[in-house]
Every structure is written in C-alpha cells, then in structure tokens.
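These protein sequence lines map, in sequence, to chains X and D. Numbering follows this note's numbering, with no gaps: position 115 of the first sequence is 115. Numbering follows this note's numbering, with no gaps: position 388 of the second sequence is 388.
A hint or two may mislead.
Said to hold, decoys possible - Stretch by stretch, here's where chain X covers chain D in the computed footprint (C-beta under 8 Å, at least three residues):
| # | stretch |
| --- | --- |
| 1 | 2-15 |
| 2 | 18-24 |
| 3 | 47-59 |
Stated by the list, open to error - Counterexamples of contact, computed for chain D against chain X with all Cβ distances above 10 Å:
| # | residue |
| --- | --- |
| 4 | G134 |
| 5 | N154 |
| 6 | D263 |
To be verified - Keeping only pairs whose Cα atoms sit at most 30 Å apart, straight-line, the calculated BS3-like set for lysine-lysine is:
| # | chain 1 | residue 1 | chain 2 | residue 2 |
| --- | --- | --- | --- | --- |
| 7 | X | K236 | X | K257 |
| 8 | X | K55 | D | K111 |
| 9 | D | K111 | X | K190 |
| 10 | X | K67 | X | K51 |
| 11 | D | K25 | X | K144 |
| 12 | X | K144 | X | K106 |
| 13 | X | K248 | D | K278 |
Because the hints were derived from the structure by calculation, they are not lab data. Cβ coordinates follow ideal geometry from the N, Cα and C atoms, glycine included.
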Amino acid sequence: MDIVVCVKQVPDTTDIKVDPETGTLKRETAGTTMNPFDMYAVEEGLRLKEKLGGKVTVVTMGPPMAKEMLKIAIAMGVDEAVLLSDRALAGSDTWATSYAVAQMCKKLGYNMILFGKQAIDGDTAQVGPSVAEYLDIPCVTWVKKVREVSETEITVERMMEDGVDVVKATLPVALTVVKEINEPRLESLKGKMRAKKYEVPTWSLADVNGDPAMVGLKNSPTRVAKSWSPERKFGKAEMIDGADAAEKADKVFNRVKDLGFIK
Amino acid sequence: MNYFFTDEEQMIIETSREIAQKKIKPVREHYDAEGIFPWDMVKEMANAGLCGLYIPEEYGGMSPKGSKGIMQLVLATEEMSKVCGGIALSNAASALGTFPILLGATEAQKKKYLPDVASGKKLAAFGLTEAGAGSDAGAMRTTAVKKGNKYILNGTKQWITNGFEAETYTVFAMTDKSKGARGCSCFIVEKGTPGFTFGKKENKMGIRASATTELIFQDCEVPEENLVGGKEGTGFIIAVGTLNHSRPGVAAQALGIAAGALDESLAYARQREQFGQKISGFQAVQHMLAIMAVEVEAARSLVYAVSRSVDAGATDFAKDSAFCKYYASEVAMKVTTNAVQIFGGYGYMKEYPVEKMMRDAKITQIYEGTSQIQLNEIAAKLIKESAQKKK
Ligand SMILES: Cc1cc2nc3c(=O)[nH]c(=O)nc-3n(C[C@@H](O)[C@H](O)[C@H](O)COP(=O)(O)OP(=O)(O)OC[C@H]3O[C@@H](n4cnc5c(N)ncnc54)[C@H](O)[C@@H]3O)c2cc1C
Ligand SMILES: Cc1cc2nc3c(=O)[nH]c(=O)nc-3n(C[C@H](O)[C@H](O)[C@H](O)COP(=O)(O)OP(=O)(O)OC[C@H]3O[C@@H](n4cnc5c(N)ncnc54)[C@H](O)[C@@H]3O)c2cc1C
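Isolated chain X, as found in the complex:
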C-alpha cells in the first residue's frame, strides 16, 4: 500500500500574537507548524501501513521553510517526505494548489491519499476533494474511522452533523480525516534522530511535470478581495458578589431567573 499524506504548514496558534490595534494575527512573529488536522492524517497513514505494509510519504507545497514542518512527520515515523517549492507557485489559490499537489501524487504513485479535514488558516476544506478531482479518483471527506480496507476496497465511517455515513469506495481513494479518527503518536527518539539528519528532497514545478499556466497568482481564479476581523462586540458584564458560595449561587440563580433564562 503506497500512502501519500498531504500536509500544510500553518501559523502555530499556540504561539500567536494579535495586533492590538487591528485585532489581526501577526503572521510575521508567529512560528509555523503542521496543520493540526494533518497530524491525524499522518497518524492514520502510519496505522494503515502497520496493518497493510507499504510506504508512507508526506508531501507539501510551500516555501522552503516548510521542510522543518515535514520533519515532524519524519519524527513520527513516515518513510519519506517531499517538498514542492517553486517561485511560479506563489499566490496559488485552492484550484492551483490542488493541481500542484495532484501532480506530486502522480509522480509518487499512490493507492491512497490522505488529507486533513481542512487547514486552520485557509479553512476552505477544498484541497482534498479538488486533488481527487484532478486525479479522477473517489474522495470521502470527514472520515472518522476506517472500518475495513483491502488492496482494492475501503469501508469508512464519515462523520456527519446528524450521524454517521458508512461509505464504501474502490482504491485508489482520497480521504480527508477528522480529529475523532485517532490520537496522533508522540515523536519517537529514533524518529527525531532520523529527522535531524533527513534531507528533504525539494521538487520544482518542472520535476512534477507541472504546467506553469495552471499555477501562481495569475492563474488562480479566486481572489481574496478583502480580509478583516469582525469588530469585537462586548456584551454587558455584571459582577455578582456575596458573602459566601451559597449566597453567591442564590443571587446568580435569581438573576438568571429574572432574565428569563430559567422558568
């Protein structure tokens, strides 16, 4: 089973500063890490490999510094990692990104391609399904469990708002996974040592037989016209005090009742 896991470098939200003036993220000062949902995709790839044998490769399209992010996956135990980085790709939207990622998958060969449910910065959740479209393979989104898998077929549970869909698909297949699917492992010592020495191969657009007319800002049909943080609306706050816990609880209860939240 050849498994490709697509991962994205995103700002590290545990290390983020917000501009007090504008209320927007200070992207320059934030560190970067792997999109949290993609950690689950990596873990699922490793588990499928442990069960079925084969190889797990992680890929990303991004700037050269995304190599460090790929090393997280190496430390977790994947076999190889590849970066696609090319000036021509700058400013790509989901359409162009998906094309480029699909070209990487074609070059690598695959039985299964795994994605996170969505990226925590772009948030569109389009890249997984679009890559599947470019490759003309089935795609199941929001997978919370792999029930059964063989060389030719897979049965998964899909997490819906109102319940669970059980979906069967033929391989090769693309899956996007939700965080309920597993608990990502910690980086192992051997993995960390390998990651330290690991040289991430960098491919150019030409290396994946990419058409320059399909990528980059110029060839991206979507444009982000404007992006802003909604104005913060503060509700009225009321402090309730009392002599002891019992009195405070009483007062809170009566106030909530007065407001009509409790009948």
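Keeping the supplied structure of chain X fixed, place chain D with the ligands upon it in accordance with the hints.
For chain D with the ligands alone, coordinates are given in the frame of chain X:
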C-alpha cells in the same frame, strides 16, 4: 546549570519529558492508588524508543558506539521520575535485569535476549535477593544442580521488581555451595518455564505502580544454554558488576523524584498565602527552597559525572557508583520531606503530589544496596586505596 548536552542527549530529555508530562502525569495518581502495573505507559516508552538506551545498536538498542549508554538511561529515568518514580522504574528495573546479560552473556545469549528488551517488547527483571539474603547476598540458598544438559533450580527470590510482568529473568543461584561466592552462577529464566511461578505481589509504601513479587523455583529445569556466559561460578562477579552499572540509574530515579518535588514546592510557595503574603516571601521558606535546589544540583552533577565517566570507559568505578547512589537517594529523602513541609497540611494529603514523592523517595535508600551498604563499600575502598598509597 548548563551541562552541554549533546544533540542526542537533548532529544532523549525532550522525548522523556513529553511522555512524562503528557502521558504519565495524568495517570500517576491512578496507578499509585490502585497499585497496578502501568503497561500502557511501558508501551509509550517502547514506542518512543526509550527501552534500549543502554543496549548497543547491534542488539537493537541506542547506546552509541564506544559508550555504555548509562548517561542516556540516566537522563530518561530522571525526566520520567520527576513525574512518577514508580512508573519510571519499570524501564530502569528492566535495565537492572539486563545488565547481567550485557556484562556476562555469550554472543548467542545476547543475540537471543537483548533485542526484545531493547525494543520494549519484553521487560527484564533481576533476581538476587532472598528472605534471608538481603544486604548479605552471599547467604543465598537458591540452588542450581546440573542434570544432563539442564540445571535444576530450587529456591525462592523475594521482592523482585517487574516480577510476573517481565518475560526475561536473570536469576542467581548456588551451583557449588562449598566454594562460597565462587560457587554462585547466573541464569536466564524465561517466564513460563515449568517449575517457575510467582508468589504474592507486595503491598508497598511507595513506587506502588511498580510490581514487586516473589520468584518461586520448584525443580525448575533451565537449559544449560541459559547459564550466563556458559561458565559456572561467575554469578557473584556478574551481580557486583551489574550493581555497579545500575546504581547511577537508581541515583537518577532519586534525583528525578527530588527535582520533581522541588518544582512542585516552588510553584506552591509562589501561590500559597498566609499572613497576607505569599509564603515564598518568608525567608525560612526561601532558605529551604534554596538548600533543596543546591542539593538537587549537587546530586545531578555527581550522577552525570559518574555516568559520563562509566560511559567513557572508566574501569574501577565501584566507589563512584556508590557515591552517586548514596548521595542522590539521601537528597531525595531530604528534599521530598522538605517539600511536604513547604506544602504544610496540604503536603500530607494525597490530593497533592509531594505526599507520593516522599513515599517514593524512601525506596532509593534501600534497594540495590542500602545507604549503609554504599557507605561500607565506599569506606572499604577508601581504606584500601590509602593503604596502597603508603607502599
Ligand atoms: C487566510 C487565507 C485565506 C485564503 N482564502 C482562500 C480562498 O478563499 N480561496 C482560495 O482559493 N484560496 C485561498 N487561500 C489561498 C490558498 O493558498 C490556500 O491556503 C491553499 O490553497 C490551501 O487551501 P486551504 O488553506 O483552505 O486548505 P484546505 O483545503 O482547507 O486544506 C485541506 C487539506 O488539504 C491539504 N493541503 C492544503 N494545502 C496544502 C498544501 N499547500 N500542500 C499539501 N497539502 C495541502 C491538507 O491535508 C489540508 O488539511 C487562502 C489562504 C489563506 C492563508
Ligand atoms: C520495593 C523493593 C524492590 C526490590 N527489588 C529488587 C529486585 O528487583 N531484585 C533484587 O534482587 N532485590 C530487590 N529488592 C531487595 C533489596 O535489594 C533489599 O531489600 C536490600 O538489598 C536490603 O536487604 P534487606 O531488605 O534484606 O535488608 P537487610 O539486609 O536485612 O538490612 C536491614 C538493615 O540493616 C542494615 N545493614 C545490613 N547489613 C549491614 C552492614 N553490614 N553494615 C551496616 N548496616 C547493615 C541495612 O542497611 C538496613 O538498614 C527490592 C526491595 C524492595 C523493598
């Protein structure tokens, strides 16, 4: 203090710390209260690659070429013991049970038994102590009698860490009582060997996540290939060598427990208020904290120095090994007792971690040679060295 760790050492510290904080800390109270063996935590250590730090690479471990890997074992044990000395012991005691193989076994024995311990698939245990033979290990009564191509073992080992849970046991028995210490041999006994059973599991004061049981041998037939090193009479040398190599590990457990208690004390003192101020503002408390910190750092320096010296190939290090085991375990007891003092009544309660740390610390002054035995060995060596200088 900056110990200028190598990149590898730094990775071991970070990996162990992550397991300690994310995995062990949330469950330590549960395992302490229930006194059950923490197999899920052992699996975490195995997956992370922490089980073979002192085992050479050719047997599946991660001990670098030209080193014994003691420092690596010490760093992992310290980090995990900061959070729970009992859970950390599962791996450290496996090392104790494995040293006889590393030090005395034949190539074939090493190839057969080391890889599974290194990968964490199996745990090992060390069976020396008996009811009548504690500090005086030479008084052991377990016997091994050769019969054809087998040895027949009879006797009972007491208080064996990882008992029942381990798969690989290094067991000491007398093959020739008339020869005294030179009549002792070491055997590798696999769990499941007919005639080898386990006695009761002890209900202990501390390190309650660790399993301590009897090993009972009743006409237990052990194949002669399992005589460690293939030669009778080497058991005592192997046991002494093992303890010399493993004592820095116990010292690291003690150091970790002490360092953990110091961290808890600092955090608590900065937040607890009495007489309208934080107790960290009282000089009496400040001095206690300062003395604890000095002693923890002194213990750490000694443990690291001895470990690095052993790794680098020191030959005569029995005294050094006793130095660090003695000192770190005394510091652990003192520091954890003071930690409870700083916590006041809360420190005496099970809701706070220092109560357990004080109970856990005590064992480090007892096993692998009591503090008194360490001092005996140190003094004997000092006097001998002094006598040699005079000549
Ligand atoms: C704040 C922000 C807003 C954006 N808004 C839009 C927009 O509205 N429309 C638009 O077309 N473009 C947009 N982009 C630009 C575009 O670069 C996307 O970030 C990119 O195409 C990925 O889309 P996404 O972040 O929504 O990822 P998603 O589609 O949400 O990601 C789903 C999964 O696809 C995989 N994946 C995503 N990106 C990569 C990659 N580079 N390499 C490998 N695998 C990957 C991961 O497995 C990920 O979990 C935006 C970018 C940012 C930072
Ligand atoms: C939880 C636990 C786990 C253990 N795990 C293992 C294990 O995995 N494998 C194993 O083989 N053993 C194990 N032991 C046994 C341990 O090593 C012994 O308990 C220890 O060596 C002390 O022996 P003893 O308990 O018989 O005490 P004793 O030898 O009876 O000592 C009693 C007291 O007398 C003092 N004393 C004895 N002799 C002298 C002397 N010559 N000079 C001065 N003072 C002296 C001692 O210091 C001590 O204070 C374990 C013990 C415990 C409690």
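Now for the hints, and whether the structure bears them out:
1. 2-15: holds (count 6)
2. 18-24: Check passed, 4 qualifying residues.
3. 47-59: Contact hint for the stretch 47-59 of chain D vs chain X: holds, 4 residues under 8 Å.
4. G134: holds, 36 Å
5. N154: holds, 42 Å
6. D263: Fine: 21 Å to the nearest Cβ keeps D263/D off the interface.
7. K236/X / K257/X: Satisfied, since the Cα-Cα distance of roughly 17 Å is no more than 30 Å.
8. K55/X / K111/D: Holds, at about 29 Å.
9. K111/D / K190/X: holds, 21 Å
10. K67/X / K51/X: holds, 28 Å
11. K25/D / K144/X: holds, 28 Å
12. K144/X / K106/X: Given pair K144/X, K106/X holds - Cα atoms ~26 Å apart, limit 30 Å.
13. K248/X / K278/D: This hinted pair holds, its Cα atoms lying about 27 Å apart.
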